[in-house]
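**Student:** Residues per chain are reported as follows:
6 protein chains.
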Amino acid sequence: MGQSSIEDILKDKDKEQMKSLLSPQKNIAKLKAGEKVEGIYLIKSFEVKKTAGGKQYIDINLVDKTGEVNAKIWDYSKETEKTVTENGIVKVRGEVLEWSGSKQVKISKVRGTIPQDNVIISELIPSAPVEPTEMLNTIKIYTKKINDSQVRLLVENILAKYNNKLIYYPAAKKNHHSYMGGLLYHTMRMLQSGEKLGQVYSFLNMDYIYAGVLLHDICKIIEMDSDEYGVVSDYTMEGKLLGHIIQGIKEIEIEGEKIGLDREKSVVLQHMVLSHHYEPEFGSPKKPMTPEAEILHFLDIIDARMFDFERALEGTEPGSFTDKIWLLDNRNLYKM
Amino acid sequence: MGQSSIEDILKDKDKEQMKSLLSPQKNIAKLKAGEKVEGIYLIKSFEVKKTAGGKQYIDINLVDKTGEVNAKIWDYSKETEKTVTENGIVKVRGEVLEWSGSKQVKISKVRGTIPQDNVIISELIPSAPVEPTEMLNTIKIYTKKINDSQVRLLVENILAKYNNKLIYYPAAKKNHHSYMGGLLYHTMRMLQSGEKLGQVYSFLNMDYIYAGVLLHDICKIIEMDSDEYGVVSDYTMEGKLLGHIIQGIKEIEIEGEKIGLDREKSVVLQHMVLSHHYEPEFGSPKKPMTPEAEILHFLDIIDARMFDFERALEGTEPGSFTDKIWLLDNRNLYKM
Amino acid sequence: MGQSSIEDILKDKDKEQMKSLLSPQKNIAKLKAGEKVEGIYLIKSFEVKKTAGGKQYIDINLVDKTGEVNAKIWDYSKETEKTVTENGIVKVRGEVLEWSGSKQVKISKVRGTIPQDNVIISELIPSAPVEPTEMLNTIKIYTKKINDSQVRLLVENILAKYNNKLIYYPAAKKNHHSYMGGLLYHTMRMLQSGEKLGQVYSFLNMDYIYAGVLLHDICKIIEMDSDEYGVVSDYTMEGKLLGHIIQGIKEIEIEGEKIGLDREKSVVLQHMVLSHHYEPEFGSPKKPMTPEAEILHFLDIIDARMFDFERALEGTEPGSFTDKIWLLDNRNLYKM
Amino acid sequence: MGQSSIEDILKDKDKEQMKSLLSPQKNIAKLKAGEKVEGIYLIKSFEVKKTAGGKQYIDINLVDKTGEVNAKIWDYSKETEKTVTENGIVKVRGEVLEWSGSKQVKISKVRGTIPQDNVIISELIPSAPVEPTEMLNTIKIYTKKINDSQVRLLVENILAKYNNKLIYYPAAKKNHHSYMGGLLYHTMRMLQSGEKLGQVYSFLNMDYIYAGVLLHDICKIIEMDSDEYGVVSDYTMEGKLLGHIIQGIKEIEIEGEKIGLDREKSVVLQHMVLSHHYEPEFGSPKKPMTPEAEILHFLDIIDARMFDFERALEGTEPGSFTDKIWLLDNRNLYKM
Amino acid sequence: MGQSSIEDILKDKDKEQMKSLLSPQKNIAKLKAGEKVEGIYLIKSFEVKKTAGGKQYIDINLVDKTGEVNAKIWDYSKETEKTVTENGIVKVRGEVLEWSGSKQVKISKVRGTIPQDNVIISELIPSAPVEPTEMLNTIKIYTKKINDSQVRLLVENILAKYNNKLIYYPAAKKNHHSYMGGLLYHTMRMLQSGEKLGQVYSFLNMDYIYAGVLLHDICKIIEMDSDEYGVVSDYTMEGKLLGHIIQGIKEIEIEGEKIGLDREKSVVLQHMVLSHHYEPEFGSPKKPMTPEAEILHFLDIIDARMFDFERALEGTEPGSFTDKIWLLDNRNLYKM
Amino acid sequence: MGQSSIEDILKDKDKEQMKSLLSPQKNIAKLKAGEKVEGIYLIKSFEVKKTAGGKQYIDINLVDKTGEVNAKIWDYSKETEKTVTENGIVKVRGEVLEWSGSKQVKISKVRGTIPQDNVIISELIPSAPVEPTEMLNTIKIYTKKINDSQVRLLVENILAKYNNKLIYYPAAKKNHHSYMGGLLYHTMRMLQSGEKLGQVYSFLNMDYIYAGVLLHDICKIIEMDSDEYGVVSDYTMEGKLLGHIIQGIKEIEIEGEKIGLDREKSVVLQHMVLSHHYEPEFGSPKKPMTPEAEILHFLDIIDARMFDFERALEGTEPGSFTDKIWLLDNRNLYKM
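Chains as they are written, first to last, in the numbering used here: chain A, 877 to 1212; chain B, 877 to 1212; chain C, 877 to 1212; chain D, 877 to 1212; chain E, 877 to 1212; chain F, 877 to 1212.
Note that these hints are calculated values from the structure, not bench results. Glycine included, C-beta positions come from ideal geometry on N, C-alpha and C. Careful: at least some of the hints might be erroneous.
[To be verified] Short, incomplete list of chain A residues facing chain B, as computed with Cβ under 7 Å:
hint : residue
1    : 1109
2    : 1113
3    : 1178
4    : 1185
5    : 1186
[As the list claims (entries may be wrong)] Below are the DSS-like pairs computed for lysine-lysine, each with C-alpha atoms no more than 25 Å apart in a straight line:
hint : chain 1 : residue 1 : chain 2 : residue 2
6    : F       : 1211      : E       : 1162
7    : B       : 1211      : A       : 1163
8    : A       : 1163      : F       : 1211
9    : F       : 1116      : B       : 925
10   : F       : 1116      : A       : 1050
11   : B       : 1037      : A       : 1072
12   : E       : 1050      : D       : 1162
13   : A       : 925       : E       : 1050
14   : E       : 941       : E       : 1049
Please put together the full structure from these sequences, using the hints given.
**Tutor:** Here's what the structure looks like:
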């Protein structure tokens, strides 16, 4: 059995070489039962299994940026196992079947990639729809909008500390924004919505809206272990025992002390992080006690829900319903 | 004992005559224990009571647009009772005391108003901070933004039906936006926020955002009985047995049928009204199944919460907490 | 793979021809592991599958009025697949096995039915224990007992509208009374119980008890799509977005308006439909506010529970317990 | 201060003598503010109090079978206090006032009763609407309907044991059926309803329905201390520490053993008592596992609810709502 | 398929003969994927199954005192099935594989045990870590510490009644202390902790602490059917319909009456049993009303939790987390 | 009106002088209605009120270490008000009355204290039953039992920081241990119980039990503002916005960093503080993941409950019940 992180696999390869991708290639989201398939995919995981009758075969999960599909290599050979083991990215040929309502690829041929394949990695990794550098830029612009120089400095210092990871971290292990750059994208959209709502509810203190959004999830970076493709292998020890809310509070306390941040400002920001999940059973032992903390919660949940709705409805035909969506309390969504 | 609706009282008077108000007058919100007070106020309710020792006195609640205060006339006379009974608006003179932590006015003199008092009614009635006609205008502009002509027509027809009451109805009997014009103000702000969020989440269908906001609470007008000063005496019979959500759904069904509204559009709009309270225990037996229904809920709750936060913090000193606020799960809010 | 609705299958056949059934035939409920089986059954669904070793076989679910059983045809051939695909009802021969605690038929022979088989469809379709016409009659008798002529007319008009479907609709997709004629049977028993309780609690207004029972679930007919054998393929679009409670309320509103039904009567009946599930989380945002609405709820739940208890205990040996029953909060029932 | 049980008071008097009541007498339920009152009432409790100014007065609560009213004797004298202390039943003269929305009697004259008053005690005590002996008779008839001679004997023995108290015990300290004979009345109505439902759901074992109803609340007699007028002073020590459900189970266990009752029958009956409150938080750690136990719960709750609805709506005008009723989750009931 | 209770199997064998165990033998807890295995194990259950391709094989679960492992005999023969069917304990030879993350033994050879195997049964049965007689002794010592002679006699009589089963009964079917002697071990540790806490909270009445602990779970012996190896086949009929709490209360009532136990003492002890699960939804309709009843609950839950924590962390590496533990609300425990 | 903190009052006095107390003095807990009273008490709060008739009087709450009682001075004079305002401790003479079931003192004479009164302050302040220095000593002994020198140093440093306040801080504003020295007493008893349970559950790491207990509530000192008599005026700003759990975590993080505490040890201790309230709705977003964290919770809750039970039962007669106790879910406790 082999279960390798995407990062490990790619590390040992000449990444420069994998630049382009033989076209045309079938995107996983577009596979249809009954059709032939030929394409280059990333191996998310694989396992050598046996049929109940004892025959060996290889069970693989393939991904590209559009989705994931299960595949089988029924004709097992040591050589084929070697190909699968040694290559993180493979070119496969086969046939798409339908199996208990899901698609499955029956692979007839598999090989490692070669320079002529011109692999473009970004085509294989699910990630945010905006370029990381563009998102990082947007975030910096909002940081600059913080008028209180102490608060701005605090935010800048903390962002600087996590900058290099922020560029690829997902916002979650599973669920909403759990892809490369997801944390950044989530933060950016909340800043945009926050700015807008601040135009309607003009008594809000925008410094705290921006600072609250920028800091509320930043410690997810130390709560989870993600590789640079946004795949989280696990939560960290401190992440499990304390969680990103507690970690974020400590971050503000300590970084605030370093720059002599006014005690009231520090505590109010910590309170925003503490209360942003709103309900005790979701991790917030205190409910928001300032309007900015209240809004922070709504910015957060709206962005998560919009993500879930948009994704769930993506492949749905107009006039029909999705399957039950566990994340959304088993609702069946309707696509107009 | 006498408990008269504000509307009844004012009906029998020459309203034209009450145009101005002798200045300077103490706003109720600004009364301070220990000071003298002289001013013109609306009588919200009054009762002739007896002390445990059997002595009669008059217990009155006075309001102006800034708040409400309890007052006592210890020197009871038939004549004074007559003055209080026959006048909806009175001029009083007295002294502000503190009683178990609340302010109370000990009235030494009271009389009905006279033309020279130049009463301005709008100074006495709590109401939305924007002019009704301006709000109505804004609402019409948003209605025009609905591209689907069927949906727009439906909204226009329903608004037209309730137009004359919409101008003064509150959004609730108690709690958020429970003042003259509150329903209109609540609707307007939700339209504004909805428009903004639609700029961030561009996959949303704005026609349904606008139509959903405009219709979601419209049947509060037939759920509650309000006088033209925005004071709700009670819920209606149908309001109690069915509620504005059910009433709103029927409205769309029936008005939709009249104009031949596409069945799918009608049902989707009814679903938005049905699900906008989100939780079954708050009146929504179905959760939102479209992204527009989901957002409608958040626009609604954000506007209610911002109202509550803003009001609660109004009189609070920076650096201190409010008392426990029942409406906000007994939170003590903090004013920075 | 093939999943065909029972109705579709039967439509293309000479139903007249299938009149009798070769006896003796094994009822599905009476199959015992280790025995031979030969009989005529309806195919509920089937699928061509592959073993882990790649061999094809056919997986079928067979039903008759007594129950359902899974079966396998291990010897796959194109011809057998054709037989299964083209026939809704088949005659099979095989052997009953036990598989992980469930019975399973290993089919050795399968063919379509022939005239000589004399198929009686009612033997194959699970349905209510009373004849539809008898139930419909009973319901009409109770309708006549409504003294208020307006209310009676309302009920008659609505029943007339749904009459042709009421005769076969089930009361649910799964769970209680989910068989042909189930809705009618459920309604009839509630009328009978309601009449009885009205003899004990004589202050109840029987007009509303009868009207409430007759209308409370009638819109299940437009909430679900059922074929004429009482098999529900799915909920309708409006059923999912609004549900039969909301649909029933609109029905009363609209049909009531047509006949000039007194407003109070209409609203009280709508309230009964609205509140009959009692708890918000089960779909009723208002609790019963009249004694008739209160009783309606209990008539409904008692009938559902008695159905579940009776069915669950059917095959249980005296002195033993049933397995955990999910529908009844995982209770193990005891059979005395 | 004096708070005396009704029973104590009456014990020391010649009850024979108090046979009739001077007519006409104002029933408490019919008192109207502004009218004079003269009548004979039972003193439920009284207290000598002081006004804030230090003046003594007597605060009394008067009852008759139609209700309860608070009264004041402002002219305190030692002699008046003696009259109130020494008489359980008094004749009063006074005036009905309205005080913060409640009626209150201002007593000008009070004296003890005299033979010529011809007091009829049953006019003063709230009680079930059917004669105790008639109810007891009905109960015996149902007992005879139990076919299983062992089960019948068990029920007869237990009823015999509590017979003399059953005739006057209420079914509760407060709430439903909390009056003289309430337990008997509650039991009788449940037997009647149970018989009726057994006609619809014919698979039910009526022996257990009848036995279950007859035994389910019988140990309320040892859970509460009631005087012979159905007024409960308190729960007993065992009632508080264990409760009537546990007490009832032990009763069946022990009395069953005495007559050699079949173990299965005993346990099934104990289970019915154990599960009849249905929800753990209402005292039933096990949910019903037999259909008879299930029905027992519904008979119980229907009778309680019908009692509450009937009482709540008694004085309500058609077309109006009651106040919020705490016992019914704060519902406002509607009277058609 | 064969599923035989351990007890049945062993009954028909010469237990004297199985005295020793050929060493060295691999403990199940120590099996490692990739290694050979040879050892003597108890067959917990087995089933003859078929692969999807129709080939027969035997699926067995093997246990020893350290744990349980699934095994397969792929080479099915009638003879092998007979060996497995006729022997409760077998000697197997094979290879340890890893299968979807779990260990699995592929058995190549299996035979029944022979005298020379010198089987020591206690090596095969999971049981408490202290000798039963030693635990029984400890329990008797604590019983002697009860000063009130009536209470002590009650406890002694009840213990005597269940003595012979107490020595091997588990404390549960699954979950904490579900092994041979578990009930005794659980009781003993609670007595020890109770004694200790009594030293800190000296106002506690130790007689009731000891008596409460000794009696609180004693009726698990009549709630569950356990063989003499601590394996529970099922709950008893009375166990399911009433449960050990109710059974324990009746035990105290009846045995108390026999020895003339003071009524207050009996009721207080019954109350302790009734309330020891604390929450209604866990079976206690009354909460503790004496400090001894309160402490009894905590002694119970602490012992259960310490058991769960100790077991869960047993095989965990320092610095790592366990998997999610269902019994502990899906917590991942951390091992320092 | 005057509401002065005890501390303020005492500050301006010569505390040295108030050394003894005129004996005999009536302890507040022992006051009986109908008796005369003469004694020296602390004024907790007072207010000048008016009767409904307009007469002024003084309403005072008096305390000594045994309890609190309400008192009235009906004969108001400016001079008496001055006496009450200027003295924190007064000598009063009067009569004990019963008022609506509570005791009340009618004061006839009041004066400030004089040197000859020999006031002993500790007789007037409710406090823990053990001397502060003795408790502090015990705590230091347990600190020394921590074997891990890093962990011990951390605990010593934190205790040192709060040492001077720990000696008088209560453990709560209201509820359990809300008196002078309450925090210390609570901590001490938990250490004692923890030591005991460690003897039974020997796999527990005692270093973490002791450190966890010593640190779990230490930040209550910065969560609440207490005067040196253990009376909490309010929560601090940081206390309200974050709470002592979050504050305690930050304390360990920061103090741990200062001494180079091993990261794992620091996080595990922080987790103990985080999880010690166990349920999210009581402030712990994470449940205990180590056995020591699990035990810490139980030590905490047992000590709180034993405190509540002991106090509630203090004045209760054997064989009777207490009133409903809000803190204990409205239970009525029983005193054997």
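**Student:** Against this structure, judge whether each hint is valid.
**Tutor:** So, going through the hints one by one against the coordinates:
The restraint placing residue 1109 of chain A at the interface with chain B is violated, with a minimum CB-CB distance near 31 Å, outside the 7 Å limit. Proximity of residue 1113 of chain A to chain B is violated relative to the hint, the smallest CB-CB distance being about 34 Å (cut-off 7 Å). With a cut of 7 Å, the hint placing residue 1178 of chain A at the interface with chain B holds, because the nearest CB-to-CB distance is about 5 Å. With its C-beta approaching chain B no nearer than about 4 Å, residue 1185 of chain A sits inside the 7 Å limit, and its interface hint holds.
Nearest Cβ of chain B to the Cβ of residue 1186 of chain A: about 6 Å, under the 7 Å cut. The hint holds. Our distance criterion of 25 Å between C-alpha atoms is met by residue 1211 of chain F and residue 1162 of chain E, whose separation comes to about 16 Å. With a C-alpha separation of about 15 Å, the suggested pair residue 1211 of chain B and residue 1163 of chain A falls inside the 25 Å cut-off, and the hint holds. Using a Cα cut-off of 25 Å, the hinted pair residue 1163 of chain A and residue 1211 of chain F is violated, with the two alpha carbons roughly 40 Å apart.
Pair hint residue 1116 of chain F plus residue 925 of chain B does not hold up; C-alpha atoms about 42 Å apart against a cutoff of 25 Å. With a CA separation close to 33 Å, the supplied pair residue 1116 of chain F and residue 1050 of chain A exceeds the 25 Å bound. Between the alpha carbons of residue 1037 of chain B and residue 1072 of chain A the distance comes to roughly 32 Å, so the proposed pair goes past 25 Å and is violated. At roughly 20 Å between alpha-carbon atoms, residue 1050 of chain E and residue 1162 of chain D fall within 25 Å of each other, so this suggested pair holds.
Taken as a hint, the residue 925 of chain A and residue 1050 of chain E pair is broken in the structure, with Cα atoms around 32 Å apart against an allowance of 25 Å. Pair hint residue 941 of chain E plus residue 1049 of chain E holds up; C-alpha atoms about 17 Å apart against a cutoff of 25 Å.
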